[in-house]
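Trainee: Whole structure, please, built from the sequences with the hints as guidance.
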Amino acid sequence: MTYLDHAATTPMLPEVLAAMTEQLGRVGNASSLHASGRAARRVAEQSRERLAEALGARPSEVLFTGGGTESDNLAVKGIFWARREADAQRRRLVVSPAEHHAVLDSVEWLVKHDGAEVTWLPVEPSGRIRPEVLAEALGDGRDVALTSVMWANNEIGTVNDIAALAAVSHAVGVPMHTDAVQAVGQVLVDFGASGVDALTMTGHKLGGPMGAGALLLRRDAECTPLLHGGGQERDVRSGTLDVAAIVGLAVATVTAVGRREQRAAQVGALRDRLVREVVAQVPDARLNGAALDDVLADGPGRLPGNAHLSFPGAEGDALLMLLDARGIECSTGSACSAGVARPSHVLLAVGADGERARSSLRFSLGHTSTEADVDAVVEVIGPVVERARRAGLGRR
Amino acid sequence: MRVLAAMSGGVDSAVAAALAVDAGHDVTGVHLALSQNRQTLRSGSRGCCSVEDSHDARRVADELGIPFYVWDLAERFTEDVVDDFVAEYAAGRTPNPCLRCNEKIKFSAVLDRALSLGFDAVVTGHHARLSGGELRRSVDAAKDQSYVLGVLTPEQLAAAWCPLGSMTKDRVREIAAERGFAVATKPDSHDICFIPDGDTRGFLARRLGSRPGPVVDAATGETVGEHDGTYGFTIGQRRGLGVSAGDSEPRYVLGIEPVSRTVTIGTAEQAAVDEVRTGVPTWTGAAPVLPAHVEVQLRAHGRPVPCEVTAVDGGLRIELADAQRGVAPGQSAVLYEPDAERGDRVVGQAPVAGAR
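Chains as they are written, first to last, in our numbering: chain B, 1 to 396; chain P, 1001 to 1356.
Just so you know, the hints here were simulated from the structure itself, not pulled from any lab data. By construction, the Cβ of each residue, glycine as well, lies at the ideal position given by its N, Cα and C atoms. One or more of the hints may lead you astray.
Residues from chain P shown here face chain B by an in silico Cβ test under 7 angstroms; the list is partial [what the hints assert, rightly or not]:
id, residue
1, Pro1067
2, Cys1098
3, Ser1116
Simulated restraints on C-beta separations [to be verified]:
id, chain 1, residue 1, chain 2, residue 2, range
4, B, Pro122, P, Thr1078, 27 to 35 angstroms
5, B, Gly25, P, Asp1199, 33 to 41 angstroms
6, P, Asp1022, B, Glu49, 28 to 36 angstroms
7, P, Thr1078, B, Val111, 27 to 35 angstroms
Mentor: Written as structure tokens, this is what we have:
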């Protein structure tokens, strides 16, 4: 089997499995005062410190959550609520329309149910948000509760210059959140240096467990809780700490960040060959997002493992099905809760038409990817695209 | 053989897919998303292709260990089935949307796509016998769905597979239960899937608005009432006419005239017809030699009636051995060749144009 869907989830690292297995056999609630509780607490706090260090944060800035979706919800809703409570005119959210649904739907929920307004930022065809565009959208910033722009896009892999965007936002006194779920472990992510106020990350995209993530939240950031209860995480997030998952999250983060440069070079080379040879087989295939060699000040402008291509005239879901039948696993981007393939909102946001958005596939490479995986795709992509083109989805 | 299993999330298509797997085929499950506004949960036996139905189908596919995908055919379903349904009622006819869906969606859009993707056949959970290209009634007369498949052509039937026609619905549920499918006890679907509340008249009123007109009693020639839209009526309808005739005899809808919006009602005697005229027929196999003595079924769940069929002006004239009520333009006249042993064979069908 050829697994090229690492952006959906990537295999757990062996060191994570070992560390978690060791913890799963132990008893102890990290909030308990006795010896077992203290032992659990110690392990959780060590993990917090290691994770903070790997991401340029202070331990007190790490809030453990149930994953990326929870972290995004907490940041968007929590900071909106807290900022508006402090000043009722701060009702506006300034957000990229290419965000993950965890951000988009949180924003739309606030608009629908809680009196928020939203300004959608114009997106470059590459998928990037330009700082001057953000500055214009913010205006004097007095009515803005929060800026939210993702570090790296989950579909097309475009990396934003987060430090520049955070500086623009701070210039008018507006805090900024970034969803860095795809960025951590793939590009340099330094929370402190970036200047952002809140950062979402999760474990299972970098070799850790599912259901474990973190929100990095600056100590001075105001954030109203979503989950009330024991107040375990700085009184911003409640719930008994899942010590084994937290250990797994920390080990995965430290490992992925430590091996980042070497891994990025390997995965990037595979990705470049994949794109080159797929385009050689299907000459009218088009790469979506930033160019493969695009660069920002401190690193690549595109995630090294991301190859997002449109195959004009072929339906993405037909391509996916035909590749699946040949043992190649990739993704079409978004699917609704019922599994219906939808044209990607990210591609629509960067100005692609519905046809191109519907004809796209994402191949995402990761730590287990090999030359043989690339060979497998190159071998079948030509006939698969040809077949899919003959099978329009009931369209006229 | 590479087989595409169309899986609605119901028990029939689940068992059909399972039988295809058992037969050793390479099976892929597909759920068709047909509704533009999918409801999260289904309510009782009504509605179709909710997210819950999609999950039910996926559960079965996962248990069978076969790939499963959702195909979004909502746009095409809306154009070919829902809009056609509304237009037919607006024109004073009585459409059969299930037949239209089989003709245009399941055995056309889906079948075409399956064949071009490299599948050899589409397997469905319809209750009808299909073998050697011959379409016949199910052994379970109460669940027989051959009527709504009567519109299929030889080419469509050649790539279709309906493994449930030789068993009763009870047996289908038994098989599902034996396999531990959660859908074994799921209620049967009935009504029209895109009208989940079952209120067809209300649905049409929302789409077509109020179009009032007179109700005329053919027995007396008098206007006996008003209606809100001819789309609320079907030929042969007796209940809900909203008028009372001067005598005690029941009244039936005899005719619907969409331009003057006149609904004509009359007595049982006036409602009876013994000759049906149709539009252009389709045949499930080679066209039969006409005139022919066969049986005709004039609506879903209608009784078959012996008849003589003659070719007239590109359509058919069907002379009924027993007079019938409720022969509505827009419905299909499905012709059967009686066969007690192997099941009545579907010869073909033609859309009813009129009757007298």
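Trainee: Does the CB of P:Cys1098 sit less than 7 angstroms away from some CB of chain B?
Mentor: violated, 18 angstroms
Trainee: Against chain B, with CB atoms and a cut of 7 angstroms, does the hint on P:Ser1116 hold up?
Mentor: holds, 4 angstroms
Trainee: If I claimed the Cβ atoms of P:Thr1078 and B:Val111 lie 27 to 35 angstroms apart, would that claim hold in this structure?
Mentor: holds, 28 angstroms
Trainee: Under the criterion of a CB-CB separation shorter than 7 angstroms, is P:Pro1067 in contact with chain B as hinted?
Mentor: holds, 6 angstroms
Trainee: Looking only at beta-carbon atoms, does the pair B:Pro122, P:Thr1078 fall within the given range of 27 to 35 angstroms?
Mentor: holds, 33 angstroms
Trainee: Between B:Gly25 and P:Asp1199, is the Cβ distance one that fits in 33 to 41 angstroms?
Mentor: Roughly 59 angstroms apart at Cβ, these two residues miss the hinted range, so it is violated.
Trainee: Lying within 28 to 36 angstroms: is that true of the beta-carbon distance P:Asp1022 to B:Glu49?
Mentor: Hint violated: Cβ distance 57 angstroms, outside 28 to 36 angstroms.
Violated hints for the displayed structure, listed by number in ascending order: 2, 5, 6.
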